[in-house]
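Residue numbers (UniProt numbering), protein chains in the order written: chain A, 1 to 304; chain B, 1 to 318.
Hints were generated in silico from the structure; no laboratory data involved. Owing to the predicted nature of the structure, the values given are computational and were not obtained by experimental measurement. Please note that the accuracy of each hint is not assured.
[To be verified] Chain B is faced by these chain A residues, among others (derived, beta-carbon under 8 Å):
1. 1
2. 5
3. 11
4. 92
5. 93
[Unchecked claim] Calculated cross-link-like contacts (lysine to any residue; reagent style SDA-like; alpha-carbon spacing at most 25 Å):
6. B:79 to A:49
7. B:296 to B:280
8. A:21 to B:185
9. A:145 to B:182
10. B:121 to A:109
11. B:76 to A:96
12. B:79 to A:17
13. B:79 to B:106
14. B:76 to A:3
15. B:76 to A:134
16. B:122 to A:87
17. A:21 to B:90
18. A:145 to B:227
19. B:122 to A:51
20. B:79 to A:58
21. A:65 to A:109
22. A:21 to B:79
23. B:122 to A:4
24. B:122 to A:63
25. B:122 to A:109
26. B:122 to A:46
27. A:171 to A:88
28. B:122 to A:64
29. B:79 to A:134
30. B:79 to A:51
31. B:238 to A:167
32. B:76 to A:55
33. A:65 to A:170
34. B:76 to A:56
35. B:96 to A:96
36. B:96 to B:280
37. B:121 to A:170
38. A:134 to B:231
Even for Gly, the Cβ is constructed at its ideal location relative to N, Cα and C.
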Amino acid sequence: MAYTNLHRLFLQAYLLQRFAKEDTVLNIYRRCCEVAEVEYSDRDFTPFVGVLNETLDTLDMELRKGQAPDTGATYYALVNTNGDEIAQRATTFTANEVAYLKHVIDLIINAEDEAFEISSTLALRTVTPLQSKKDAQAFLDRLIKTQWLDDNNGLLSLSLRTLLELQQYLKTRHPDTLEDCTICMEIVTTFAERCGTENCSARLHQHCANKYLGERREGGRCPSCQEAWQGVRTGSRARRQAEVDDEDEGEEEVGEEGMGGPARKRPRRDGGEEEEVEMVDGGNVNEEEEEELPRRRKGMGRAR
Amino acid sequence: DEDEDMEEAGPSQRQILSQPRPSDASQKASQTVVDDEDSSADEDTQRAPAGAAATPQGASRGEQYLAKMNPDEIDKKVKDLVRLALATELRRQPLKREDINKQVLKDHSRAFDPILEKAQKKLRDVFAMELVLLPSREKTRNTSQAARRAQEDRTTTTAKSYILRSTLSIDARETLNNWGDDQPIMALTCILLSLIYVHGRSITDATLHSHLRRLRITRDAPHPIFGTRDALLGTLVKQGYVEKIKKPNSEVNVNDVDSEGCEYVWGPRAKVEFTEDGVVGFVTEMYPELDPNALKRLQNDVRSSAGLPAGVAAMSQV
Numbered sequence: 001m002a003y004t005n006l007h008r009l010f011l012q013a014y015l016l017q018r019f020a021k022e023d024t025v026l027n028i029y030r031r032c033c034e035v036a037e038v039e040y041s042d043r044d045f046t047p048f049v050g051v052l053n054e055t056l057d058t059l060d061m062e063l064r065k066g067q068a069p070d071t072g073a074t075y076y077a078l079v080n081t082n083g084d085e086i087a088q089r090a091t092t093f094t095a096n097e098v099a100y101l102k103h104v105i106d107l108i109i110n111a112e113d114e115a116f117e118i119s120s121t122l123a124l125r126t127v128t129p130l131q132s133k134k135d136a137q138a139f140l141d142r143l144i145k146t147q148w149l150d151d152n153n154g155l156l157s158l159s160l161r162t163l164l165e166l167q168q169y170l171k172t173r174h175p176d177t178l179e180d181c182t183i184c185m186e187i188v189t190t191f192a193e194r195c196g197t198e199n200c201s202a203r204l205h206q207h208c209a210n211k212y213l214g215e216r217r218e219g220g221r222c223p224s225c226q227e228a229w230q231g232v233r234t235g236s237r238a239r240r241q242a243e244v245d246d247e248d249e250g251e252e253e254v255g256e257e258g259m260g261g262p263a264r265k266r267p268r269r270d271g272g273e274e275e276e277v278e279m280v281d282g283g284n285v286n287e288e289e290e291e292e293l294p295r296r297r298k299g300m301g302r303a304r
Numbered sequence: 001d002e003d004e005d006m007e008e009a010g011p012s013q014r015q016i017l018s019q020p021r022p023s024d025a026s027q028k029a030s031q032t033v034v035d036d037e038d039s040s041a042d043e044d045t046q047r048a049p050a051g052a053a054a055t056p057q058g059a060s061r062g063e064q065y066l067a068k069m070n071p072d073e074i075d076k077k078v079k080d081l082v083r084l085a086l087a088t089e090l091r092r093q094p095l096k097r098e099d100i101n102k103q104v105l106k107d108h109s110r111a112f113d114p115i116l117e118k119a120q121k122k123l124r125d126v127f128a129m130e131l132v133l134l135p136s137r138e139k140t141r142n143t144s145q146a147a148r149r150a151q152e153d154r155t156t157t158t159a160k161s162y163i164l165r166s167t168l169s170i171d172a173r174e175t176l177n178n179w180g181d182d183q184p185i186m187a188l189t190c191i192l193l194s195l196i197y198v199h200g201r202s203i204t205d206a207t208l209h210s211h212l213r214r215l216r217i218t219r220d221a222p223h224p225i226f227g228t229r230d231a232l233l234g235t236l237v238k239q240g241y242v243e244k245i246k247k248p249n250s251e252v253n254v255n256d257v258d259s260e261g262c263e264y265v266w267g268p269r270a271k272v273e274f275t276e277d278g279v280v281g282f283v284t285e286m287y288p289e290l291d292p293n294a295l296k297r298l299q300n301d302v303r304s305s306a307g308l309p310a311g312v313a314a315m316s317q318v
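Construct the entire structure; sequences and hints are all you get.
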């Protein structure tokens, strides 16, 4: 396949979009086909992208495909593969904002228990070099709105867009903390499982595990050590979700969790019981202040 | 039937790439060498210097310099210039020649012209885009042609700046129009530029403020999308869509307490990105279902309100 006006049309259409779901992208591709008077077929899209990327590679750019950690939905991002000064000129953030974002990214990656998410409270604890908490909060909101960070019930994690766009930067900066999914070889953060076999370091995206091992994980084998798959869900949110799935009646809401292993029961919420603190912010329970997450239901443990 | 003809003729019939604009063509003929001042005295849009491969004197200085450079280094600089152009355009900033020298060429600024020309080719091949020289600002409206020319001559080559423009035809671009997050502000920009145009290409700030008030864009209360009026206008000026001119000896409009006695005109970027036909088309689209005669009359009205004889296509971009 040659490089044609169809590729040029598509690039112009996508230069401003930059990051979108697969069906949006296919829609754009279809409109370009109409303009270029080429017959549209969604099966042509993958080879089309192949030719596109061959050319984009000469400019240190790439149209990258990825799956969102939570839903497994496919997205495309038009990224720079070379993060040098020139590429940095493209950012619409100020230098201070970029520095703060990098700090937030570090916090997320260093969160305990491979949670890869933090509370916004933690993010706002140090706001330099931004001027004020208000500025930082506004910036965080912007990051969420423009899809650089995901916000799940007040917990911030790296969005697919960030993982695709900053892939090289993240891997260079955190070579030991970040792992690749054994199946798709992309960075694994939230919504992940690791192999329960001792000494096996295999990690999978949940959506990859769903495809490879089946949703119920029955009879599947670890792609790395070949033992029967016994997945341990990493990350606090996944653990909470597992607890919701495992729990019998009597528990009403997802919102708190305990430390430690996956099977721990959550405390009942009768009066008089010690309330457990969220561990998601990566801080030590005893040393840090207990801070309430934004979305907790009122009255939880406050009125004793 | 027109459609059938198009289908039979195949893809080549449909205009994907635009025709070069009349003002561009006249610039192509001009010879440019790195240090010369080219005919930038007029306000026409120009294409970037053509690399001067065909000067009667033989290879230009730029080309001679290029011949001595390492080919890998040349390729890298071409690539970096393309990437810099894309990055700068993403922020809607003009790309200044001095930035090109500093960030891309570094010690090799003498190779500017041929490297720029190679970058243009790359931009056209990959993206169907090109760098276009921005016309200078209007500064004051009351100076004579000669005075303006004198002002231009004082502008050195290094003060030049470029923006990226699509080489796709209007037809193709309309189908693809995807301004992403910029959609609302681009729509508003079209409206404002049209307003300025039908007001005779220039509008007092008092009048502009009252139009904006109708759109609920006011000085104090921030609009949910556009923010406050002055911040919005500031952005448009910075991006080059609109230019603010202080009129000498003007009387402040007593009816508008925050009029500064300024005027707004089309900025350099608007002159490059929008055409007169485009604006006339945009304005007439507001009127539903006109018969061809009424449409023609309306088009003439729009043009004459901009201060031009009816039906004359402007040689300048406005």
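Quick one, are residue 96 (chain B) and residue 280 (chain B) close enough, alpha carbons at most 25 Å?
-> violated (31 Å)
Do the numbers back the hint for residue 1 (chain A), that is, is its least Cβ distance to chain B under 8 Å?
-> violated (15 Å)
Assess, step by step, whether the Cα of residue 134 (chain A) is no farther than 25 Å from the Cα of residue 231 (chain B), and give holds or violated.
-> It holds: about 20 Å lies between the C-alpha atoms, which stays within 25 Å.
With a cut-off of 25 Å on the C-alpha distance, tell me whether residue 145 (chain A) and residue 182 (chain B) pass.
-> holds (14 Å)
Does residue 170 (chain A) lie within 25 Å of residue 121 (chain B) when you go C-alpha to C-alpha?
-> violated (34 Å)
Hint consistency between residue 96 (chain B) and residue 96 (chain A) [alpha-carbon to alpha-carbon, up to 25 Å] = OK: residue 96 (chain B) and residue 96 (chain A) at ~24 Å, within 25 Å.
Below or equal to 25 Å on CA atoms is what counts here, so check residue 122 (chain B) against residue 109 (chain A).
-> violated (39 Å)
Given the hint that residue 65 (chain A) pairs with residue 170 (chain A), test it: the Cα-Cα distance must not exceed 25 Å.
-> holds (17 Å)
Residue 79 (chain B) paired with residue 17 (chain A) [C-alpha distance capped at 25 Å] = holds (22 Å)
Given the hint that residue 21 (chain A) pairs with residue 79 (chain B), test it: the Cα-Cα distance must not exceed 25 Å.
-> violated (29 Å)
Does residue 227 (chain B) lie within 25 Å of residue 145 (chain A) when you go C-alpha to C-alpha?
-> holds (17 Å)
Taken at face value, is the distance from the CA of residue 106 (chain B) to the CA of residue 79 (chain B) at most 25 Å?
-> Answer holds: residue 79 (chain B) to residue 106 (chain B) is near 14 Å, not above 25 Å.
In summary, the structure is inconsistent with hints 1, 5, 10, 11, 15, 22, 25, 29, 31, 36, 37 from the numbered list given earlier, while agreeing with the others.
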